[in-house]
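Number of protein chains: 2
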Amino acid sequence: MAEQSPGFYRYKVGSLVVTTVLDGSSARANPTQGFVLNADSAAVRSAILDAGLSPASLDNPYNVTVVQTGRQTILFDAGTGGQLNPAVNRIPANMAAAGLDPAQVDIVAITHFHPDHISGLTSAANAALFPKAEIVVPAAEWAWWTTEGNVPRTPEAQRGVFANTRRRFGPYAGRLRMLADGAEVAPGIRLVAAHGHTPGHSAYHVTDGNQALYVMGDCSSRPELFLRYADWYSVVDVDGPMASASRKRLFGRAADERARVVGFHFPFPANGYVARDGGGFRFVPTEWSSAV
Amino acid sequence: MAEQSPGFYRYKVGSLVVTTVLDGSSARANPTQGFVLNADSAAVRSAILDAGLSPASLDNPYNVTVVQTGRQTILFDAGTGGQLNPAVNRIPANMAAAGLDPAQVDIVAITHFHPDHISGLTSAANAALFPKAEIVVPAAEWAWWTTEGNVPRTPEAQRGVFANTRRRFGPYAGRLRMLADGAEVAPGIRLVAAHGHTPGHSAYHVTDGNQALYVMGDCSSRPELFLRYADWYSVVDVDGPMASASRKRLFGRAADERARVVGFHFPFPANGYVARDGGGFRFVPTEWSSAV
Numbered sequence: 001m002a003e004q005s006p007g008f009y010r011y012k013v014g015s016l017v018v019t020t021v022l023d024g025s026s027a028r029a030n031p032t033q034g035f036v037l038n039a040d041s042a043a044v045r046s047a048i049l050d051a052g053l054s055p056a057s058l059d060n061p062y063n064v065t066v067v068q069t070g071r072q073t074i075l076f077d078a079g080t081g082g083q084l085n086p087a088v089n090r091i092p093a094n095m096a097a098a099g100l101d102p103a104q105v106d107i108v109a110i111t112h113f114h115p116d117h118i119s120g121l122t123s124a125a126n127a128a129l130f131p132k133a134e135i136v137v138p139a140a141e142w143a144w145w146t147t148e149g150n151v152p153r154t155p156e157a158q159r160g161v162f163a164n165t166r167r168r169f170g171p172y173a174g175r176l177r178m179l180a181d182g183a184e185v186a187p188g189i190r191l192v193a194a195h196g197h198t199p200g201h202s203a204y205h206v207t208d209g210n211q212a213l214y215v216m217g218d219c220s221s222r223p224e225l226f227l228r229y230a231d232w233y234s235v236v237d238v239d240g241p242m243a244s245a246s247r248k249r250l251f252g253r254a255a256d257e258r259a260r261v262v263g264f265h266f267p268f269p270a271n272g273y274v275a276r277d278g279g280g281f282r283f284v285p286t287e288w289s290s291a292v
Numbered sequence: 293m294a295e296q297s298p299g300f301y302r303y304k305v306g307s308l309v310v311t312t313v314l315d316g317s318s319a320r321a322n323p324t325q326g327f328v329l330n331a332d333s334a335a336v337r338s339a340i341l342d343a344g345l346s347p348a349s350l351d352n353p354y355n356v357t358v359v360q361t362g363r364q365t366i367l368f369d370a371g372t373g374g375q376l377n378p379a380v381n382r383i384p385a386n387m388a389a390a391g392l393d394p395a396q397v398d399i400v401a402i403t404h405f406h407p408d409h410i411s412g413l414t415s416a417a418n419a420a421l422f423p424k425a426e427i428v429v430p431a432a433e434w435a436w437w438t439t440e441g442n443v444p445r446t447p448e449a450q451r452g453v454f455a456n457t458r459r460r461f462g463p464y465a466g467r468l469r470m471l472a473d474g475a476e477v478a479p480g481i482r483l484v485a486a487h488g489h490t491p492g493h494s495a496y497h498v499t500d501g502n503q504a505l506y507v508m509g510d511c512s513s514r515p516e517l518f519l520r521y522a523d524w525y526s527v528v529d530v531d532g533p534m535a536s537a538s539r540k541r542l543f544g545r546a547a548d549e550r551a552r553v554v555g556f557h558f559p560f561p562a563n564g565y566v567a568r569d570g571g572g573f574r575f576v577p578t579e580w581s582s583a584v
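Protein chains in written order, with the working numbering: chain Y, 1 to 292; chain R, 293 to 584.
Calculated directly from the structure, the hints in this document are not laboratory data.
Cβ-to-Cβ under 8 Å is the rule here; a few derived chain Y residues that face chain R:
#	residue
1	Leu22
2	Asp59
3	Ala275
4	Glu287
Chain Y stretches covered by chain R per the calculated footprint, using a threshold of three residues with CB under 8 Å from any CB of chain R:
#	segment
5	96–108
6	259–271
Note that the structure is a prediction, hence the values are computed from the model and not measured. All C-beta atoms, glycine included, are put in the ideal place defined by N, C-alpha and C.
Given the sequences, and given the hints that come with them, work out the whole structure.
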């Protein structure tokens, strides 16, 4: 009876139609303890309180982004597929509400291989959920997670990514494309290396005319922490200092170019603009517009 | 083809179901000039830039709020009725998307009589748009705008409100109810005087169990200006210093009670929480929740 409005938000980048789609939100208990690795608990607590958030439990939203070029429909990251957390399973319903059909997706471009980004490629029974899509991945990410010798060089908590990589990409064999830094996904859309969060983590630069969007993936998770304090890195970053350096480079570029950004773990609708602020960045969420 | 998601957002206050509905958004050109009356242009410009907004044009969103108690449906402010600005006409579509029918509204509670709050009571032909609703108004507001002798005591730009008051409430004759400060709209819902923006401007305090919401009307327009700098008042405040005093009293109460607030001109979804910050307040927008 009392339904929430559907979790999608639409905007344009030049003539491209972009839709950010909410998968859902999980909660991180005690985010002041062991989450940020290079800041003490009091500093993290203070940043959380300063943003009006709760130091007892921090929301972790999940958002994917769809770009419709007129010729192709391109999905950035596949989400959880509802297989990681019962509260994070909204992509099918929210895509449908937005008039987007997984069967019509031409390309799924992946930022990195963490399970909340690739598990939605396939069902629990491991059937391809994007039946006609080509899957585009950063070549460096593919190389890391498909090389057995990297297992001991990977944080223990993330070693499951190797098996999940085999599992989720398996059904797409023969329609995988590896992209190097700067390579084109489709006209006007290029991969931008942003390594650190994972060894091959990459963002995507989407441009049309004089407008641009950076699909940032996990260059930063919640902006109140990792943009405001851009030096911070977290327990889920494979290489924290490198993640921070990539973050500063990419968001600095977006700030200087006045480009729009969308972050996978930013609060829905997850897109807006950034400005340099001290050593970090201020995130300015988009003004909700009824017109696309 | 590329439709925006509907502009409504639902949340609960105890067992009450609350839906904030976007009417649309207009633009104020040159908000640094003549808008804030008691701050110089440079200070206003700095506040706008600091919030990541544009000093060339400031969005002015319009949001109404519906409370469903299980027994009654209560609408707070009627919006523009699409009669003030062609871009601000979304209440019918957004209410419909939210499953809300104007014909089922039992009470329309009005914060004040500015045209963007009452014009939506009636159509362009002045037919009642809420056919079965009782209309609840602050007694002090009614007294001001229905007393001819107040015309010369009212800022010239606002004198049209007298005629629009007669016009918009006319079709509801016999089902108007005047409320004094503290009086009950419905069980758990009371008027709270917050004079200044207009002579009888009032908020509404909506409570159930241990949760509460303040429907703030125009106690503050954009939070980046008038909550951050709570002493400021604007060209649309009939009595600026009184508006500022009421604002500080009401938002101070909401901050101390950790009550939710919703502001008519806050950026959609227009609700969240406030914390005292220096001499003003920090507004913390709600975290978007897919569950109601």
